[in-house]
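Student: Construct the complete structure from the given sequences, taking the supplied hints into account.
Counted the way the numbering used here counts, the sequence shown spans residues 45 to 443.
In short, the hints are calculated from the structure, not lab data. Among the clues, some could well be false.
Okay, derived cross-link-like pairs now, DSS-like style, lysine-lysine, Cα gap no bigger than 27 Å in a straight line [what the hints assert, rightly or not]: (1) K365 to K437; (2) K365 to K438; (3) K365 to K136; (4) K365 to K310; (5) K305 to K365; (6) K141 to K85; (7) K305 to K136; (8) K438 to K136; (9) K305 to K364; (10) K309 to K364; (11) K85 to K136.
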Amino acid sequence: MSELGTPATGPQQRNSAVDAYRGFVMALMLAEVFRFAFVAKSFPDNLLLHILAYNQSHVEWTGMSLHDMIQPSFTFLVGVALPYSLRSRQRKGESFKYMLGHTIWRSFLLVALGIFLRSIHSTATNFTFEDTLTQIGLGYTFAFLVALRPARWLWITLGTVLFGYWLAWALYPVPGPNFPYNSVGVPPEWHQHLFTGFMSHWNKNSNLGQAFDVWFLNLFPRPTPFVFNDGGYLTLNFIPTLGTMLLGLAAGRWLLDATPKIPFKKLLLAAAVLLGSGLLFHFAGICPIVKRIWTPSWTLFSGGMCFLFLAAFSWVVDAKKQYRLAFPLIVVGTNSIAAYLMSYLADNFIQNSFRINLGESVLNIFGSNLQPILLGALTLGTYWILLFWMFRKKIFVRI
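Tutor: Okay, structure coming up:
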């Protein structure tokens, strides 16, 4: 990658494999309209539906489902795109001051948009910072600054962030044997997910991040004081999430520097090292793999999965030249912000329109228990048609 101040030359092209991977991630998010978890309850013996339901839901605490890979993949791909963005800006001769100002503004917009979307069904602004957009926004400027430095700075920063974050949690007092978990939203039937011993530093709503949020989130106006997040999600997740973005930055540099070749060996080796490290720390009792609080082990493990996904899409799209096969995903991936907004803002409108204009008799043609899947397919198809129209008209929502 060219250094800051040295304009890059040559044509700037999009990486179709990256667009396809991003489209796959957004498709997983949009596919929530199928409501597999709800449908599976009506078919207790249907293995396929229960597999789909599991992978369209977040795991309770440790482990991973396919749905759990949406946020890390989206974050990872933000990092992948950074070297391409910097190369483009260097080509235009933009100064460091201008790029930094634009980056800070983009970070602010991401945080503000995340808060706005979290507030659309609230009676007042819902000041929370744990969703995908706000988490990326909080770390984006730091990732930009690291992207301007040589590769060793990236790895030093990544190691410092993950080790420092792990150490801070490890030093924070563990909840005592009589800790009132019910007071922080942990019901008795959930106690099977609680850790014991050293790993209890990472128990739900009884950790360093929870203590920070009880202080930080109550600095903002809210109808009632913040006590806990039902899912255990935390504002401080943005720190190890920055680690995921930095892993994406490393992948983006490798892809850009190797063009037109694909650095498969680097991608697969990184995947193996990260997956192995995450599993080792988890099973050695050093740090659990928990997505909801984005533990350092989760950063490593999910980062390894992201490298595998990136290698797979690069193989299909770039190595095997299966552009047509990937095209439906590329349509979504090139307009990921628009797709993200649709999932929040257009869902009810589109589904209610189908209910009004088609009627229950049509929607229940396969039975009322399967109506969510048919309605979901119609909704997802509508999303794609809108995104395809935007793609053809070259209308792309950017921040």
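Student: If a hint holds in the structure, say so; if it doesn't, say that too.
Tutor: Hints versus structure:
Between K365 and K437, the direct Cα distance comes to roughly 25 Å. Compliance with the 27 Å bound is thereby established for this hinted pair. The hinted pair formed by K365 and K438 meets the criterion: a straight-line CA distance of about 23 Å does not exceed 27 Å. In summary, the hint linking K365 to K136 is not supported, as the alpha carbons are separated by about 30 Å, beyond the 27 Å threshold. With a CA separation close to 21 Å, the supplied pair K365 and K310 stays within the 27 Å bound.
The hinted pair formed by K305 and K365 meets the criterion: a straight-line CA distance of about 13 Å does not exceed 27 Å. The straight-line distance between the Cα atoms of K141 and K85 is roughly 55 Å, outside the 27 Å bound, and the hint therefore fails. In summary, the hint linking K305 to K136 is supported, as the alpha carbons are separated by about 25 Å, within the 27 Å threshold. Restraint check for K438 and K136: satisfied, since their Cα atoms lie roughly 21 Å apart, inside the 27 Å limit.
A C-alpha spacing of about 12 Å is found between K305 and K364, which places the hinted pair at or below 27 Å, so the restraint holds. At roughly 17 Å between alpha-carbon atoms, K309 and K364 fall within 27 Å of each other, so this suggested pair holds. The straight-line distance between the Cα atoms of K85 and K136 is roughly 55 Å, outside the 27 Å bound, and the hint therefore fails.
In this structure, the earlier hints numbered 3, 6 and 11 are contradicted, and the remaining ones agree with it.
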